[in-house]
Amino acid sequence: MKDLRMSFIGRIISSYTHEVKNYLAIIKETNGLMKDVVEIKKSRGLDEKQFLGFMGCIDEQVGRATAITDYLYRFAHRMEDDRVAVHINDLVDELVALMSRLAYRKRISFDKMLRGGLPTTILNPMLFHYLLFCLIEAKMLCLDKNGVISINTHFSDGYFCITLACEGGALQSSDTTKTSDTGEIGVVAKELGAVISDNGSETVIKVPAVAQVK
Amino acid sequence: MLLVDDEVEFASTLAERLQIRGFDAKAVFCAEEALDMVRSEPPDVVLLDLKMPGMSGVEVLKTIKKISPSCAVILLTGHGSEQCAAEWAADGAADYAIKPSEIETLVAKIDRANEKRPT
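Respectively, the protein sequence lines represent chains A and B. Reminder that position 127 of the first sequence reads as 130 in this note's numbering, one-by-one numbering, no gaps. Reminder that position 20 of the second sequence reads as 22 in this note's numbering, one-by-one numbering, no gaps.
Derived by calculation from the structure, the hints in this document are not laboratory data. Yeah, the Cβ is synthetic: ideal placement off N, Cα and C, and Gly gets one too. A few of these clues could be false.
Beta-carbon label-pair distances, calculated as ranges [to be verified]:
1. Gly59/A - Thr65/B: 34 to 44 Å
2. Leu121/A - Thr65/B: 46 to 56 Å
3. Asp84/A - Met57/B: 17 to 27 Å
4. Lys52/A - His81/B: 51 to 61 Å
5. Thr166/A - Pro71/B: 49 to 59 Å
6. His90/A - Ala87/B: 40 to 50 Å
7. Pro71/B - Lys52/A: 40 to 50 Å
8. Cys86/B - Lys115/A: 33 to 43 Å
9. Thr166/A - Arg41/B: 42 to 52 Å
10. Pro122/A - Glu104/B: 50 to 60 Å
Below 35 Å or equal to it, Euclidean Cα-Cα: the simulated DSBU-like pairs (lysine-lysine) are [unchecked claim]:
11. Lys52/A - Lys68/B
12. Lys28/B - Lys31/A
13. Lys53/B - Lys31/A
14. Lys31/A - Lys148/A
15. Lys109/A - Lys53/B
16. Lys111/B - Lys45/A
17. Lys31/A - Lys52/A
18. Lys53/B - Lys148/A
19. Lys109/A - Lys68/B
20. Lys111/B - Lys52/A
21. Lys44/A - Lys111/B
Use the sequences and the hints to build the structure in full.
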């Protein structure tokens, strides 16, 4: 089980590094093109509009790299303690951002609807992230390209409810053995005190809010 | 020559830099488009991103070599190693380049791959 958790962290980090390397590659080539254009146009005057375009592109890539780095920073920072006060929506938001590259490679996209005003709770963020990662990954395995995984959160009857649903063609039916009490997802859910239900089209994770922080 | 990468801005910018250096470089942004191009007007050299959505770069490489055996394919990858290089060469790759590379390095690899390509 511990190996699987390490592997999950490894996959998140490799997804992040791949994303950031792409942003850096675009910045490098845009900067290189600026140098090329300066060399060509040295004697003819420079086109300000073209240069503003290059600078805008670099700004955009720096913004994207900063945003994804911020998500990874928060994801890593939360692992320092195994019981911390968190907003469920923040955890969902971070993981979905960090899994975007993995989904993109399978031509799958995410659609988030995170209900505002949810209370804060205390839980083990690494376990929650791992559980959500496994369930989203299971959905990705079942979904054909161009599919959408919708993720929504709400609070009901003392539980945080995170619902995962798929839209698009199915490649295979979901593997329910993993979500059974003895499967790896079931074991993590138990450790977290969460309950998972799956009706075939939707998976719902219910996390008890017994340890809410005012 | 053909440049295949799903990162549109990266592929377009690199293609422009290669055009400045005298290459007839075209950029396409998915494997399917690349294979259509190879079927319709086979390029001498293909710069191919290894990790793209849908078909993997290695699958695209093998398909390109089936369609046009004389086409030299250089793989673009975030991380390379001697072991990977040997495996890619066995699959028909002429060379690989770490992304991002210095433009001069890339140009040298393209020239070398073009000179060595089977006729």
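So, going through the hints one by one against the coordinates:
Take Gly59/A and Thr65/B: their Cβ atoms lie about 37 Å apart, and the range 34 to 44 Å holds. With their beta carbons about 48 Å apart, Leu121/A and Thr65/B fall inside the hinted range of 46 to 56 Å. Checked against the given bound of 17 to 27 Å, the beta carbons of Asp84/A and Met57/B, roughly 42 Å apart, lie outside it. For the hinted restraint 51 to 61 Å between Lys52/A and His81/B, the CB-CB distance of approximately 37 Å leaves it violated.
Evaluation of the 49 to 59 Å hint for Thr166/A and Pro71/B yields a pass: the beta carbon distance comes to about 51 Å. His90/A and Ala87/B have their C-beta atoms about 46 Å apart, which keeps the hinted 40 to 50 Å range intact. Evaluation of the 40 to 50 Å hint for Pro71/B and Lys52/A yields a pass: the beta carbon distance comes to about 45 Å. The beta-carbon spacing between Cys86/B and Lys115/A, approximately 36 Å, falls within the hinted interval of 33 to 43 Å.
Checked against the hint of 42 to 52 Å, the C-beta distance between Thr166/A and Arg41/B comes to roughly 44 Å, which is consistent with it. Taking 50 to 60 Å as the suggested C-beta distance range, the pair Pro122/A and Glu104/B conforms, at roughly 53 Å. For the proposed pair Lys52/A and Lys68/B, the alpha carbon gap of about 44 Å is over 35 Å, so the pair is violated. As the CA atoms of Lys28/B and Lys31/A are separated by approximately 19 Å, the hinted pair is consistent with the 35 Å bound.
At roughly 19 Å between alpha-carbon atoms, Lys53/B and Lys31/A fall within 35 Å of each other, so this suggested pair holds. Of the supplied pair hints, the one linking Lys31/A and Lys148/A holds, its CA atoms being roughly 31 Å apart against a limit of 35 Å. For the hint pairing Lys109/A with Lys53/B, the CA-to-CA distance comes to about 11 Å; that is within 35 Å, so the pair holds. Among the hinted pairs, Lys111/B with Lys45/A is consistent with the structure: their alpha-carbon atoms are about 28 Å apart, no more than 35 Å.
For the given pair, Lys31/A sits about 20 Å from Lys52/A by alpha-carbon distance, which is consistent with the 35 Å threshold. Taking the CA atoms of Lys53/B and Lys148/A, the gap is near 16 Å; set against the 35 Å cutoff, the hint holds. Distance hint between Lys109/A and Lys68/B is fulfilled; the C-alpha atoms sit about 25 Å from each other, no more than 35 Å. A distance of roughly 33 Å separates the Cα atoms of Lys111/B and Lys52/A; the hinted pair therefore holds under the 35 Å criterion.
Simply put, Lys44/A and Lys111/B have alpha-carbon atoms about 27 Å apart, close enough for the 35 Å limit, and the pair holds.
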